[in-house]
Amino acid sequence: MDYLLTDEQKMIQELARKIAEEKIKPVAAKYDQSEEFPWEIMEILAKADLFGIFVPQEYGGTSGGVLDLCIATEELSRACGGIAVCYAASALGTFPIMLFGNEEQKKKYLPDLASGKKIAGFGITEPEAGSDASAIKTAAKREGDYYVLNGLKHFITNGGDAQIYTVIVMTDKTKGARGASAFVVEKGTPGFTFGKKEEKLGIRASSTRELIFTDCKIPKENLLSKEGMGFIVTMKTFDMSRPGVAAQALGIAQGALDVAVKYAKERQQFGKSISSFQGIQWMLADMATQIEAARALVYSCAREIDVGCKDVGKDSAMAKMFASDVAMKVTTDAVQILGGYGYMKDYPAEKYMRDAKITQIYEGTNQIQRNIIALQLIKEMAK
Amino acid sequence: MNIIVCIKQVPETTEVKINPETNTLIREGVKSIINPFDAYAIEEGVRLKEKFGAKATVITMGPPQAEAVLREAISLGIDDGILLSDRAFAGSDTWATSYALSAAIKKIGAFDLIVCGKQASDGDTAQVGPGISAHLDIPAVTYVKKIEEINPVRNTKAIIGEDKISNGVKDNFARVERMTEAGYEIIEVSLPALITVVKEINTPRLPSLKGMMRAKQAKIIHWKASDIEVELNFVGLAGSPTQVVKIFTPAPRVGGQMLKGETQEIVDRLVGLLKSDIP
Chain R
1 MDYLLTDEQK
11 MIQELARKIA
21 EEKIKPVAAK
31 YDQSEEFPWE
41 IMEILAKADL
51 FGIFVPQEYG
61 GTSGGVLDLC
71 IATEELSRAC
81 GGIAVCYAAS
91 ALGTFPIMLF
101 GNEEQKKKYL
111 PDLASGKKIA
121 GFGITEPEAG
131 SDASAIKTAA
141 KREGDYYVLN
151 GLKHFITNGG
161 DAQIYTVIVM
171 TDKTKGARGA
181 SAFVVEKGTP
191 GFTFGKKEEK
201 LGIRASSTRE
211 LIFTDCKIPK
221 ENLLSKEGMG
231 FIVTMKTFDM
241 SRPGVAAQAL
251 GIAQGALDVA
261 VKYAKERQQF
271 GKSISSFQGI
281 QWMLADMATQ
291 IEAARALVYS
301 CAREIDVGCK
311 DVGKDSAMAK
321 MFASDVAMKV
331 TTDAVQILGG
341 YGYMKDYPAE
351 KYMRDAKITQ
361 IYEGTNQIQR
371 NIIALQLIKE
381 MAK
Chain B
1 MNIIVCIKQV
11 PETTEVKINP
21 ETNTLIREGV
31 KSIINPFDAY
41 AIEEGVRLKE
51 KFGAKATVIT
61 MGPPQAEAVL
71 REAISLGIDD
81 GILLSDRAFA
91 GSDTWATSYA
101 LSAAIKKIGA
111 FDLIVCGKQA
121 SDGDTAQVGP
131 GISAHLDIPA
141 VTYVKKIEEI
151 NPVRNTKAII
161 GEDKISNGVK
171 DNFARVERMT
181 EAGYEIIEVS
191 LPALITVVKE
201 INTPRLPSLK
211 GMMRAKQAKI
221 IHWKASDIEV
231 ELNFVGLAGS
241 PTQVVKIFTP
251 APRVGGQMLK
261 GETQEIVDRL
271 VGLLKSDIP
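Residue numbers (the working numbering), protein chains in the order written: chain R, 1 to 383; chain B, 1 to 279.
Hints in this document: simulated from the structure, not taken from any laboratory. Hints may contain errors.
Pairs of lysine to aspartate or glutamate residues, derived as EDC-like cross-links and limited to a Cα-Cα distance of at most 20 Å, are as follows [unchecked claim]:
| no. | chain 1 | residue 1 | chain 2 | residue 2 |
| --- | --- | --- | --- | --- |
| 1 | B | Lys31 | R | Glu104 |
| 2 | B | Lys210 | R | Glu58 |
| 3 | B | Lys199 | R | Glu22 |
| 4 | R | Lys117 | R | Glu104 |
Far from chain R by the CB rule (all over 10 Å, computed), these chain B residues [stated by the list, open to error]:
| no. | residue |
| --- | --- |
| 5 | Asp79 |
| 6 | Asp80 |
| 7 | Asp112 |
| 8 | Ser121 |
| 9 | Met213 |
| 10 | Val245 |
| 11 | Ile278 |
Here are some chain R residues the structure puts well away from chain B; computed CB gaps all over 10 Å [stated by the list, open to error]:
| no. | residue |
| --- | --- |
| 12 | Leu5 |
| 13 | Lys18 |
| 14 | Lys23 |
| 15 | Ala29 |
| 16 | Met42 |
| 17 | Asp112 |
| 18 | Glu143 |
| 19 | Lys173 |
| 20 | Lys175 |
| 21 | Arg267 |
| 22 | Gln269 |
| 23 | Thr289 |
| 24 | Asp306 |
| 25 | Tyr343 |
| 26 | Tyr347 |
| 27 | Gln360 |
All figures in this text were calculated on a predicted structure; none of them were measured in a lab. Backbone N, C-alpha and C fix where the C-beta goes; we use that ideal spot for every residue, glycine too.
The shape of chain B in the complex, shown without the other chains:
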């Protein structure tokens, strides 16, 4: 089994500063870390590796210093790290980023599962994961909180009943629990697939000293735009369909107003207040 974990290096602070001229993040002077949600993706990748003897590869796209997060992932038990880095990628939006990452994943070759964090703490879009699956034309399940089974020997009747088998669920599949606002869904997905994970899925481990030593020695694979099959006009700032017009901090919401008194009295006042708010 081959697992690919996609991660992103992000600024540590949650109060990111924005350059008002370029509408991009100011990274200077801010410590960089693994996107906190990606830590759960790494942990899940390592657990699958330990359970199934899978090979786990971690990939990131970013500046050269993003190598640090790949080494950190290796210190936690991931086998290999690939850094996708090129000036041509600079300014990529979520579409262009997922396009470039999917091209790199094609170059890696065979894989069974791609694991991503649910979203990055800096951009908060939650688009790159599903974007990769779209570019690769494989199914995606977002907000996964548990992998119940993966690629098991199939007990068809017990699981879904015969009618659904003919609906195209293949032998290689994973059954996962997906968080929704109301509860969770159990979804079977054919492999290869992409999942994005939420923090409920596991508790990430701390690195071990031997892992850290191994990570220091590990050879990180560097790929440039010319190493993967991408059309250059679809990556970078120019290849990005999204244009950030303005980034600003919204004014904080003011607290609500509590009405007290008898029910009828409260209802009357509430209706009055609501009416007065309508222009």
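Bound-form chain R, shown alone:
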């Protein structure tokens, strides 16, 4: 299907695909096994200018938008969902600064993030605060020209490896959700350490760690926007980044389909290629159709955001929910098509299936996405 991409978007697609094919595919299984952070690939992505595709030119980017980011994420995920999320999570950590930072903050942080010299992470989740983000306990107390942070964030993608973190913490617990604020914290700040690295089912090339704040003193200039804006920052950030998770799911699904089609053509049973069996053909046809439907939804939603549509929450939730459900279904079917080989680590199918699962969970579980969609539907009816 032709999505009428701009020349720049086609270039991003071509470039990201080239990197995925030539540089990521050959090392995907290695990083999946070792769980090392894929710095060599991050450097390649940085040199290719891909970290700055959604960042305005004045801060070193190329002034693209969410769709540009989705296209790059999709292509990278096609080769490895784990490596792709290291890239996408840096964008997630960059968005709050780009959207809510003042001129000084943007000038200080964005050029290094756009060039890929530094990568970012975003921290809101805590052990007791997952889907219910208002339950966060990590607190920041104002002391003169500083804020002092105490508490713990967990399951933070790029945790320990990123140099710049945007974190959501409470500045006024009495106000509930309205008492949260967003801060930038740099790696190396005294009192800011990292906990254990999680061992994961999938996306194992990415690092997931705890962020630990123990009397961590940060300058008051690191506050993004104003005190109490933490959840607004989070919502607006997720509106921008959710299509990215959807694009990651989309890429994983496409990668699995590629593997399944190739295998079906090569695999001989009963004296012919299994791709000649209608049972396999129909599976492949369904997989491809679902992927295309997901792509149409993801790209449309990303475009909506880029042209400045308001209230994209529902569409963004639909894109994330649908694409990730498709990814889980398609990758499971890919394993099925590869049969016994699909279950073995020597073939890439099982990795796609493991990598797909997280896309139904993070940045809002698909159940939360359905809540968002339903609530918006009911709201619209009441108008």
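Please build the complex by placing chain B on the supplied structure of chain R, with the hints as guidance.
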């Protein structure tokens, strides 16, 4: 410093199809790419540019669509692209091609080093590079795997000893490592010179997005036969001394035969076999 990189657009597949009537390549339906060996020439040109602040120009001779490989070279960091394209050049052999390219290089003017890939993946002749140097009357070093030094401040005694200086090595020179079948040679060559490079010389980079954007905007210089000083009867099919009589795929070599047993026994059988092969 001025660097000129010569490249060629070739069909992507290694299994090129030949038109049996005309003995030329069938290009229809085959994706065109930069000749893989030229990618190393481009990378070396860009590295010299980055190291010495040189200006790097890329040139190709080919049909109008060969502009694509020039833009790709620019996306990798080359400054300018020149496309030499004219019906008059069609069917040029390696002699006529190198003649036309050398005339274009004369028009570019000052240069210090010309870098070419060792050979093209379609024709495999490895003649155009050295041919250009012959037409320009400059030295050529083929199969270069490393540029050790280029145009440096000369430390004469340490490098070659005084006797060799009087043998005409000028102040402007490059010292390169040239691959041979047995190892490599270190060669000093006066500049301007032409080198052809092998894949051991570097690892070509991937393009960057900003480079690709720049390449899209870049203005490619188009030169026709009338823009350069060439005699028309020395270019194109008519001006080419080489005549391709026939192109064919040679029959695959059959595997050898392994002899097993005691040494004396094997030797006897081998001699017998060799003798029986002689008509």
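These are the hints, each one checked on the structure:
no. : hint                : in the structure
1   : B/Lys31 x R/Glu104  : 48 Å, violated
2   : B/Lys210 x R/Glu58  : 14 Å, holds
3   : B/Lys199 x R/Glu22  : 17 Å, holds
4   : R/Lys117 x R/Glu104 : 19 Å, holds
5   : Asp79               : 19 Å, holds
6   : Asp80               : 20 Å, holds
7   : Asp112              : 27 Å, holds
8   : Ser121              : 18 Å, holds
9   : Met213              : 7 Å, violated
10  : Val245              : 40 Å, holds
11  : Ile278              : 46 Å, holds
12  : Leu5                : 14 Å, holds
13  : Lys18               : 6 Å, violated
14  : Lys23               : 8 Å, violated
15  : Ala29               : 21 Å, holds
16  : Met42               : 14 Å, holds
17  : Asp112              : 16 Å, holds
18  : Glu143              : 43 Å, holds
19  : Lys173              : 44 Å, holds
20  : Lys175              : 43 Å, holds
21  : Arg267              : 25 Å, holds
22  : Gln269              : 29 Å, holds
23  : Thr289              : 28 Å, holds
24  : Asp306              : 17 Å, holds
25  : Tyr343              : 34 Å, holds
26  : Tyr347              : 27 Å, holds
27  : Gln360              : 31 Å, holds
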